[in-house]
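Asks: Note that the protein sequences, when read in sequence, are chains A and B. Note that my numbering has the first sequence beginning at 11, numbered continuously upward. Note that my numbering has the second sequence beginning at 11, numbered continuously upward.
Treat each hint with caution, since some may be false.
A pair counts as met if it fits within one copy or between any two copies, since identical chains are not told apart.
Below 30 Å or equal to it, Euclidean Cα-Cα: the simulated BS3-like pairs (lysine-lysine) are [unchecked claim]:
| # | residue 1 | residue 2 |
| --- | --- | --- |
| 1 | Lys124 | Lys360 |
| 2 | Lys73 | Lys140 |
| 3 | Lys355 | Lys81 |
| 4 | Lys261 | Lys360 |
| 5 | Lys261 | Lys248 |
| 6 | Lys347 | Lys176 |
| 7 | Lys359 | Lys140 |
| 8 | Lys334 | Lys252 |
| 9 | Lys148 | Lys347 |
| 10 | Lys252 | Lys331 |
| 11 | Lys252 | Lys347 |
| 12 | Lys355 | Lys136 |
| 13 | Lys359 | Lys135 |
| 14 | Lys347 | Lys140 |
| 15 | Lys73 | Lys261 |
| 16 | Lys248 | Lys331 |
These are calculated hints, taken from the structure and not from any lab test.
Number of protein chains: 2
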Amino acid sequence: MFRPRYFIPALTSLALLACSQATPGPCPPQAAPVDSSAKIVEAVPAPLPTVELSLWQDGATRKALEDFVKKVTTEGSPDFVPVAERIAVFDNDGTLWSEQPMYVQLAFALQRVKELAPQHPEWAKKPAFKAALDDDFKALAATGTPGLLEIIGATLGNNTAEEFEKIASDWLKTAQHPKYQRPYTELTYAPMVELLEFLRAHDFKTFIVSGGGIAFMRPMTESAYGIPPEQVIGSRMKVSYKDGAIHREGKFDFLDDGPGKPVAIYEQIGRRPILAGGNSDGDFPMLEWTLRQDRPHLALVVHHTDAERETAYDRESHIGKLDKALDAATAEDAQDKGWVVVDMKNDWKKVFAFEEDGQTPEPAPAQ
Amino acid sequence: MFRPRYFIPALTSLALLACSQATPGPCPPQAAPVDSSAKIVEAVPAPLPTVELSLWQDGATRKALEDFVKKVTTEGSPDFVPVAERIAVFDNDGTLWSEQPMYVQLAFALQRVKELAPQHPEWAKKPAFKAALDDDFKALAATGTPGLLEIIGATLGNNTAEEFEKIASDWLKTAQHPKYQRPYTELTYAPMVELLEFLRAHDFKTFIVSGGGIAFMRPMTESAYGIPPEQVIGSRMKVSYKDGAIHREGKFDFLDDGPGKPVAIYEQIGRRPILAGGNSDGDFPMLEWTLRQDRPHLALVVHHTDAERETAYDRESHIGKLDKALDAATAEDAQDKGWVVVDMKNDWKKVFAFEEDGQTPEPAPAQ
Numbered sequence: 011m012f013r014p015r016y017f018i019p020a021l022t023s024l025a026l027l028a029c030s031q032a033t034p035g036p037c038p039p040q041a042a043p044v045d046s047s048a049k050i051v052e053a054v055p056a057p058l059p060t061v062e063l064s065l066w067q068d069g070a071t072r073k074a075l076e077d078f079v080k081k082v083t084t085e086g087s088p089d090f091v092p093v094a095e096r097i098a099v100f101d102n103d104g105t106l107w108s109e110q111p112m113y114v115q116l117a118f119a120l121q122r123v124k125e126l127a128p129q130h131p132e133w134a135k136k137p138a139f140k141a142a143l144d145d146d147f148k149a150l151a152a153t154g155t156p157g158l159l160e161i162i163g164a165t166l167g168n169n170t171a172e173e174f175e176k177i178a179s180d181w182l183k184t185a186q187h188p189k190y191q192r193p194y195t196e197l198t199y200a201p202m203v204e205l206l207e208f209l210r211a212h213d214f215k216t217f218i219v220s221g222g223g224i225a226f227m228r229p230m231t232e233s234a235y236g237i238p239p240e241q242v243i244g245s246r247m248k249v250s251y252k253d254g255a256i257h258r259e260g261k262f263d264f265l266d267d268g269p270g271k272p273v274a275i276y277e278q279i280g281r282r283p284i285l286a287g288g289n290s291d292g293d294f295p296m297l298e299w300t301l302r303q304d305r306p307h308l309a310l311v312v313h314h315t316d317a318e319r320e321t322a323y324d325r326e327s328h329i330g331k332l333d334k335a336l337d338a339a340t341a342e343d344a345q346d347k348g349w350v351v352v353d354m355k356n357d358w359k360k361v362f363a364f365e366e367d368g369q370t371p372e373p374a375p376a377q
Numbered sequence: 011m012f013r014p015r016y017f018i019p020a021l022t023s024l025a026l027l028a029c030s031q032a033t034p035g036p037c038p039p040q041a042a043p044v045d046s047s048a049k050i051v052e053a054v055p056a057p058l059p060t061v062e063l064s065l066w067q068d069g070a071t072r073k074a075l076e077d078f079v080k081k082v083t084t085e086g087s088p089d090f091v092p093v094a095e096r097i098a099v100f101d102n103d104g105t106l107w108s109e110q111p112m113y114v115q116l117a118f119a120l121q122r123v124k125e126l127a128p129q130h131p132e133w134a135k136k137p138a139f140k141a142a143l144d145d146d147f148k149a150l151a152a153t154g155t156p157g158l159l160e161i162i163g164a165t166l167g168n169n170t171a172e173e174f175e176k177i178a179s180d181w182l183k184t185a186q187h188p189k190y191q192r193p194y195t196e197l198t199y200a201p202m203v204e205l206l207e208f209l210r211a212h213d214f215k216t217f218i219v220s221g222g223g224i225a226f227m228r229p230m231t232e233s234a235y236g237i238p239p240e241q242v243i244g245s246r247m248k249v250s251y252k253d254g255a256i257h258r259e260g261k262f263d264f265l266d267d268g269p270g271k272p273v274a275i276y277e278q279i280g281r282r283p284i285l286a287g288g289n290s291d292g293d294f295p296m297l298e299w300t301l302r303q304d305r306p307h308l309a310l311v312v313h314h315t316d317a318e319r320e321t322a323y324d325r326e327s328h329i330g331k332l333d334k335a336l337d338a339a340t341a342e343d344a345q346d347k348g349w350v351v352v353d354m355k356n357d358w359k360k361v362f363a364f365e366e367d368g369q370t371p372e373p374a375p376a377q
């Protein structure tokens, strides 16, 4: 009904325009449509975005990503995908930032166990909490997912939305990774952050779809990845509304992992992605769902092969186990099906932004 | 890390730029930031968007909307709200399109009952289905929300995501409103569609938050309202993922009404809106939550006062009951709190886009 158009008086030899910084994606690069009813002498096409995959080694992986983006964005190509359908989804832990030696959110919850324990004498009798208080990670692991969810619920819940946002933000500002002695927010993978920007420069809408808690991630995704809260999907705590406030009830309601990922994408995005990235078997259903469609599709698997700059792990790891998805992504027909495996050691010029010359610096002394 | 900028060579006297048509909001209207390191002779400010509330009578309601948008978008104003936080949410049934004589989705489900009945002899013994088959709306109403949800689940579920999308799209293309003899998609309120565009022209991100089924709405929200699927929140059916497909299980999982609305906004958007619009008590928690914050806020209540052009109803209506929220929105201190009531009869120049001269044409003969 209304189609706002912007008339840009061209007064000088060069004019610099930038879209809103709060908008994750830049303006689309297509040539500006011309309204023939207006007194236009000549339309000025916008140049192509200049974001490149500069942190990716020149090789098959980088080429597969570039080729995919090129074919879905080339108008007239049989593989062209309209802007609105360029949905790309990414797991977070182990795909966009480090998940070793443990999920960041778990490190947060374990610290909260110790902080809150004086108010909860009953925890001493609960196996998962006792293990956490004793730093007995073997006993903690033995309590399995139910034990972890119980700890996360009890330590990160029982507050309002605003209270938790402050607790999570404050922790992320001060906590440090045990190995690198840096804030966890610096443990994002620089080539993946670059890939997100590359995709957005080609009018993809980027989403996070993580097993991590949705409210834990949201305070950091905009600054770390350029992804706003409403494009973050994650596990959810049971919440309720009362008297003007959202109350987080301390119990898990939805686990955004395995088959939960396509379910959550269907519920929150309502479209099937054409590109998905993950690093573990928990991402397999999301990757498989992305591949099983007629439109162009690509499933990216981040394979942790770099023992020097990060941690090498896959089939036997308790965290980020990559077995079934690695079989699928390396099968003989995998490339034809749309699988692309990132070999972190060989495909990435650097892992973290803070590296110099492709080497992880020695950890700084503890403060 | 990468901040793509567009250098626009200004070759001629006027250049016309438009953002992607698939992006619901236009480029932000602010003056273009100037990069002093570039060789810029003079920056060219973009003019303000030209979308106006032309379908709204000149009066207090229109002024309240304009004043609110002006104050939150004026940089330097104490009420300025950054672009990323300009979240506006709207109920759908009765707020953006007609919900009389019954919810559009219910009309759809009742037609499906008749179509599918031959395959379901057991329905004859179920009160809600029997009432639907007999066109006995009084008996149907007596089965209450559980009866309606049972019908909607059974008739709109038990299919895959893609199957249902086609069923819903096909129905919306052919079904007609019983009074106006027009497709339901023409029963959107033109001034509200205009308000959505007005807000987006000022860099609001607009969302639907409806009691209607999320998958039923998504096929029509982009074309009807300029709202993409990922900005639609609604009631959800239980779904599961298996073998590359999303299966809709035929049972309700989440009712996005009453206190469910702020809960769903928290889960799917992750920010508190600064503007919310609704028309019934089911919207009250969402409106109240929007008003209870320190940032600027506005709660819009669409009051169905127009018996001639639409239907007049409020406190006693079974559909779209507006009682508690009307009390709150018309209380002595309501204006100070941020309530704005739309009097459809007096505030809107037209209700539907197809009207001529502000009058609803006589219904066309049935075909």
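Asks: All hints are to be evaluated individually against the structure, with a verdict given for each.
Replies: Going through the hints against the structure:
Neither within a single protomer nor between protomers do Lys124 and Lys360 lie at most 30 Å apart by alpha-carbon distance, with minima of 35 Å and 62 Å respectively. Taking the closest pair of Cα atoms, Lys73 and Lys140 never come within 30 Å of each other, the shortest separation being 50 Å inside a single copy and 61 Å across copies. Within a single copy, Lys355 and Lys81 get their C-alpha atoms as close as 27 Å, which meets the 30 Å cut-off; across copies the closest is 52 Å, which misses it. Taking the shortest alpha-carbon separations for Lys261 and Lys360, neither the intra-copy value of 39 Å nor the inter-copy value of 48 Å comes in at or below 30 Å.
In this homomeric assembly, Lys261 and Lys248 come within 30 Å of each other (Cα to Cα) both inside a single copy, at 6 Å, and across copies, at 20 Å. Taking the shortest Cα distances, Lys347 and Lys176 sit within 30 Å of each other only across copies (26 Å), while inside one copy they are farther apart (44 Å). Proximity of Lys359 to Lys140 under the C-alpha cut-off of 30 Å is found in neither arrangement, the shortest distances being 42 Å within a copy and 67 Å between copies. In this assembly of identical chains, Lys334 and Lys252 lie within 30 Å of each other by CA distance solely across copies; the values are 16 Å between and 44 Å within a copy.
Taking the closest pair of Cα atoms, Lys148 and Lys347 never come within 30 Å of each other, the shortest separation being 39 Å inside a single copy and 55 Å across copies. Proximity of Lys252 to Lys331 under the C-alpha cut-off of 30 Å is restricted to the inter-copy arrangement: shortest distance 21 Å between copies versus 40 Å within a copy. Taking identical chains as interchangeable, the C-alpha atoms of Lys252 and Lys347 lie at most 30 Å apart only when they sit on different chains, with a minimum of 18 Å there against 48 Å within one chain. Within a single copy, Lys355 and Lys136 get their C-alpha atoms no closer than 41 Å, and across copies no closer than 63 Å, so neither meets the 30 Å cut-off.
For the identical chains of this complex, Lys359 and Lys135 are neighbours neither inside a copy (48 Å) nor across copies (68 Å), given an alpha-carbon limit of 30 Å. Taking the shortest Cα distances, Lys347 and Lys140 never come within 30 Å of each other, neither inside one copy (47 Å) nor across copies (49 Å). When the C-alpha separation of Lys73 and Lys261 is checked against a cutoff of 30 Å, the pair qualifies neither within a copy, at 44 Å, nor between copies, at 45 Å. When the C-alpha separation of Lys248 and Lys331 is checked against a cutoff of 30 Å, the pair qualifies both within a copy, at 27 Å, and between copies, at 28 Å.
When the structure is compared with the earlier hints, violations turn up for hints 1, 2, 4, 7, 9, 12, 13, 14, 15 and for no others.
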